[in-house]
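Asker: Here the protein sequences line up with chains A and B, keeping their order.
All the letters of the first sequence, read from the start, carry residue numbers 1 to 298 under our numbering.
All the letters of the second sequence, read from the start, carry residue numbers 299 to 521 under our numbering.
It is worth saying that the hints were derived from the structure and are not from the lab.
Quick caveat, the model's predicted, so the values are computed rather than measured.
Do not rely on the hints blindly, as some may be mistaken.
To be verified - Here are the simulated distance ranges between beta carbons:
{"#": "1", "chain 1": "A", "residue 1": "Gly-243", "chain 2": "B", "residue 2": "Ser-427", "range": "43 to 51 angstroms"}
{"#": "2", "chain 1": "B", "residue 1": "Ala-428", "chain 2": "A", "residue 2": "Asp-15", "range": "15 to 23 angstroms"}
{"#": "3", "chain 1": "A", "residue 1": "Ala-187", "chain 2": "B", "residue 2": "Gly-311", "range": "32 to 40 angstroms"}
{"#": "4", "chain 1": "B", "residue 1": "Ser-427", "chain 2": "A", "residue 2": "Leu-265", "range": "49 to 57 angstroms"}
Ideal placement from N, C-alpha and C gives every residue a C-beta, glycine not left out.
Here are the chains, one letter per residue:
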Amino acid sequence: MKLLSGLLSHDRQADRVVPPSGFTAQLTVFTSAAMAFLAVFALALSMASGRLADRWAGALAGTATIRISAPPDQIAAQEAAVLSLLATTPGIRSSRAIPPEEQTKLLEPWFGPGLPIDALPLPRLVELTEGPGGYDGEGLRQRLAAEAPGAVLDDHTRWRRPLAVAAERLRFLGLLSLALIAGATGAMITLAANAALSANLPVIRVLRLVGAKDSYIVRAFVRRFTLRALSGAAAGTVLAMIGVALLPRADEAGGFLTGLGFQGLGWLLPFVLPPITAIVAFAATRLAALRTLKGLTR
Amino acid sequence: MIAFEGVAYNYGGGELLSDVSLRLAPGSFHFLTGPSGSGKTTLLKLAYGELLPTSGHVTLFDKTVRGMTRDDVALCRRRIGVVHQDCQFLDHLPLTTNVVLPLTVAGRSADAGNLTELLKWVGLGSLGSALPPSLSGGERQRAALARAIIMDPEVIIADEPTGNLDWEMSLRLLTLLVELNRMGKTILIATHDLNLIRQAKAQVSTRVLRIKDRRLQLAGADL
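When you get a sec, could you build the whole thing from the sequences and use the hints?
Answerer: Structure, rendered in structure tokens:
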């Protein structure tokens, strides 16, 4: 708390004791801006993949499909048998046969519009929705085999699991990228701070000679680097958010894009990046300054 | 005030100072002489806590230096004004800001009237806004003296303060130091300028210490 109040209090004289250093100043601002820019995209990726994982899980969980493949003269009877069987199966909330128009719509992205569905030997599809307690999948398969030999139960597990795993991994990679960006920011600010400290050793010696405590000297450097990192990160964040906002929408670009970006209150999340960058800069500069001072004579 | 007791100091290779004992009484005026490389600067650095003795004890204001933290040393420096031969300043800041630096780092502000008076006293009244690199050697020494005394320290330590000055400027600086001593300040000056010491002895009671063969001796009869 004392550190923070020292950082925020505006001591004009203390600010001025360290000479202006154009190169390291620009380096710190640029690095912070670039890292914040990348961090916004990593954050957007992480959030989008999180939404994707939730959407896939939500869309596929709790539903299953029964595919009926049978000779044309038997298929209607088997469909009716399946629907009747499902109506009496415990754990199933509802079931419905997917009408041919809906099947056409599902196939349209792959085969194009105007598909002559009647001319194709497509299976009939029955969609079922689980009840709260779920149903006995193995029991249902056995009953289907007995009453509708052409019916196959697909509970979506083999689709859902790899998709959910992929989305979760993407989210993890996004978060890992954020952590790496924070680490790289800290490392680069440490390098810049070390360069500034080395260049200002005569200043530090003068300050010690006239009775400056280490905390005073550290504060002069830390304040400068923290404020530079904060301003750079703020600029980088705003630019990246503009970039994200200008990305094409998912519905405009088609089904493969998953809407990289933020939604609702998620747009506020990138605004935590500048303060986090400032905290990283504060810690990195403070450690570098204390280490440098300890290496000097008293 | 400042006391050395059996102090030795080694610089990597060998012993530079050996069994040095010294007590600076309040209001005293000491010169420290000796050939180049004899350890005068080292002794002064020990006296304001920049170096730690290899053995023995250095006491600053009743606290042993060895037991002091870096913050303790910083606080002691506010009671000791130091003037170096190659006095260093913050070259990007004007003279007045440099002179008030000890107050600034102590979180105090300078009284404008006192600052003007101090700069006039050291003969730099018209140079307050000048940057240190634009000052002459004599002006830098006097600026360093002004910086050293702005905190009203009890002790003033000067390392070859007249080393880069002509005789007239040296006498001017000496006069300032003698005046400070008359105000009650304890003065310790390292110099190899025997004429300066003779000049001082004519104005004020001084003790002359000499470093010879790594040891501190009382000199004087031969001066």
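Asker: Please list, smallest to largest, the hint numbers that this structure does not respect.
Answerer: Result: no hint breaks.
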